[in-house]
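All the letters of the sequence shown, read from the start, carry residue numbers 5 to 314 under the numbering used here.
Since the hints were made in silico from the structure, they are not lab data. Positions of the beta carbon are idealized from the N, C-alpha and C atoms, including for glycine. Hints should not be assumed to be uniformly reliable.
Cross-link-like lysine-lysine pairs, in silico, BS3-like; alpha carbons within 30 Å at most [to be verified]:
(1) Lys96 x Lys168
(2) Lys309 x Lys228
(3) Lys228 x Lys133
(4) Lys96 x Lys58
(5) Lys228 x Lys37
(6) Lys228 x Lys243
(7) Lys133 x Lys38
(8) Lys169 x Lys96
(9) Lys195 x Lys169
(10) Lys168 x Lys58
(11) Lys195 x Lys168
(12) Lys169 x Lys16
(13) Lys228 x Lys169
(14) Lys133 x Lys309
(15) Lys38 x Lys96
(16) Lys56 x Lys37
(17) Lys38 x Lys243
(18) Lys113 x Lys96
(19) Lys228 x Lys38
(20) Lys243 x Lys16
(21) Lys228 x Lys168
Beta-carbon label-pair distances, calculated as ranges [said to hold, decoys possible]:
(22) Glu109 x Phe244: 36 to 42 Å
(23) His306 x Thr83: 22 to 28 Å
(24) Leu127 x Gln191: 19 to 25 Å
(25) Leu194 x Thr81: 33 to 39 Å
(26) Gln160 x Ile63: 18 to 24 Å
(27) Thr106 x Pro186: 41 to 47 Å
(28) Asp170 x Leu194: 21 to 27 Å
(29) Gln277 x Asn236: 36 to 42 Å
(30) Ser310 x Gly59: 25 to 31 Å
(31) Lys228 x Thr106: 41 to 47 Å
(32) Glu223 x Asn111: 48 to 54 Å
(33) Glu134 x Lys228: 20 to 26 Å
(34) Asn111 x Ser307: 40 to 46 Å
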Amino acid sequence: MWYNFLKKGAVKVRIVIVGSGSIGMLMAFYLSKKGHNITLLTNRDEQAFRLKDKGLHIIHHDQQIEVVTVHAQTLLTYTNEESIDVAIVAVKSYQVEQVLTTLQELNVKSILFTQNGMGHTDLFPKVEKEELSVAVIEHGALRINDYTVHHTGVGQLRWSYVRKKDNDVQVMFGNREDSLFPIQYEQNWLKMLERKLIVNACINPLTALLRVKNGELVENQHHKRMLRAVFNDVMEVLKFEHHEELWVHLCEICQRTALNRSSMLSDIEHNRQTEIDSILGYLMKKADQEQYQSNLLTFLYHSVKSQEEF
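With the hints as extra help, turn the sequences into a complete structure.
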């Protein structure tokens, strides 16, 4: 039913995006282009004002600029009289619990999480919503200012249902292909997140520790050996098969995003809290459960924690 309805362009979804960083702004832009009703919730009044005043700007990879109109206000001042079809949680992993407290009080039908790592998955049993889904964002994006995001690299948005009821997220993403923002549904949400966790656990801590861009992890032979050592430990914890296929995939991502600075490196450079607890912290807990001791992951975890200044 929904497939045919969407083909006629008749479905509009009420969406609230919590988090106005690069990913929140990127998703707001492309979902707005689909014709949905978007409200972008910010931390600061100033950003909300600028978005309402100037519109949401995107710089495409060919340097062309496009602008869309979005509603914007702060999370603290937001109230909804009408129901929200989908709330997209696009904040850092360590902010999820606080955001969920607010969302539980709102009339929200479905929640989609976009965090790095997997620490936030421990909160899923506490989410009192019948429809719950997760997404991994493989696009390159950089927030330039309060109303502009640079889409630095076209990747893939992969998503999956954790709990399914009314297909609100499926309707939101639609069935029409967008070459600049491709979307793919995955059947197994846990395996999807674990595959992304492998990438995050290998690239983010090493780039933060070495202060290098992603591509240098495979271009420098010593860095590449370090990358392989971390990869091997992560494989042991997650008990994944097809190691070589995943290793090739990891190296390809490093090459494809060669000029990117990882989010963890950026956090360290700007004296912000990192998502290390949701990435390596999650893996270390899993290793304890499996009675596997990883001195390398422990070393990396504390190396990053020692650089956090906030």
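Hints versus structure:
no.: 1; hint: Lys96 x Lys168; result: holds (24 Å)
no.: 2; hint: Lys309 x Lys228; result: holds (22 Å)
no.: 3; hint: Lys228 x Lys133; result: violated (43 Å)
no.: 4; hint: Lys96 x Lys58; result: holds (26 Å)
no.: 5; hint: Lys228 x Lys37; result: violated (40 Å)
no.: 6; hint: Lys228 x Lys243; result: holds (22 Å)
no.: 7; hint: Lys133 x Lys38; result: holds (25 Å)
no.: 8; hint: Lys169 x Lys96; result: holds (26 Å)
no.: 9; hint: Lys195 x Lys169; result: holds (21 Å)
no.: 10; hint: Lys168 x Lys58; result: violated (37 Å)
no.: 11; hint: Lys195 x Lys168; result: holds (17 Å)
no.: 12; hint: Lys169 x Lys16; result: holds (18 Å)
no.: 13; hint: Lys228 x Lys169; result: violated (44 Å)
no.: 14; hint: Lys133 x Lys309; result: violated (34 Å)
no.: 15; hint: Lys38 x Lys96; result: holds (25 Å)
no.: 16; hint: Lys56 x Lys37; result: holds (17 Å)
no.: 17; hint: Lys38 x Lys243; result: violated (39 Å)
no.: 18; hint: Lys113 x Lys96; result: holds (22 Å)
no.: 19; hint: Lys228 x Lys38; result: violated (41 Å)
no.: 20; hint: Lys243 x Lys16; result: violated (42 Å)
no.: 21; hint: Lys228 x Lys168; result: violated (41 Å)
no.: 22; hint: Glu109 x Phe244: 36 to 42 Å; result: holds (39 Å)
no.: 23; hint: His306 x Thr83: 22 to 28 Å; result: violated (42 Å)
no.: 24; hint: Leu127 x Gln191: 19 to 25 Å; result: holds (23 Å)
no.: 25; hint: Leu194 x Thr81: 33 to 39 Å; result: holds (36 Å)
no.: 26; hint: Gln160 x Ile63: 18 to 24 Å; result: holds (20 Å)
no.: 27; hint: Thr106 x Pro186: 41 to 47 Å; result: violated (31 Å)
no.: 28; hint: Asp170 x Leu194: 21 to 27 Å; result: holds (22 Å)
no.: 29; hint: Gln277 x Asn236: 36 to 42 Å; result: violated (28 Å)
no.: 30; hint: Ser310 x Gly59: 25 to 31 Å; result: violated (41 Å)
no.: 31; hint: Lys228 x Thr106: 41 to 47 Å; result: holds (43 Å)
no.: 32; hint: Glu223 x Asn111: 48 to 54 Å; result: holds (50 Å)
no.: 33; hint: Glu134 x Lys228: 20 to 26 Å; result: violated (46 Å)
no.: 34; hint: Asn111 x Ser307: 40 to 46 Å; result: holds (44 Å)
Checked against the numbered hints given earlier, this structure breaks hints 3, 5, 10, 13, 14, 17, 19, 20, 21, 23, 27, 29, 30 and 33; the rest are met.
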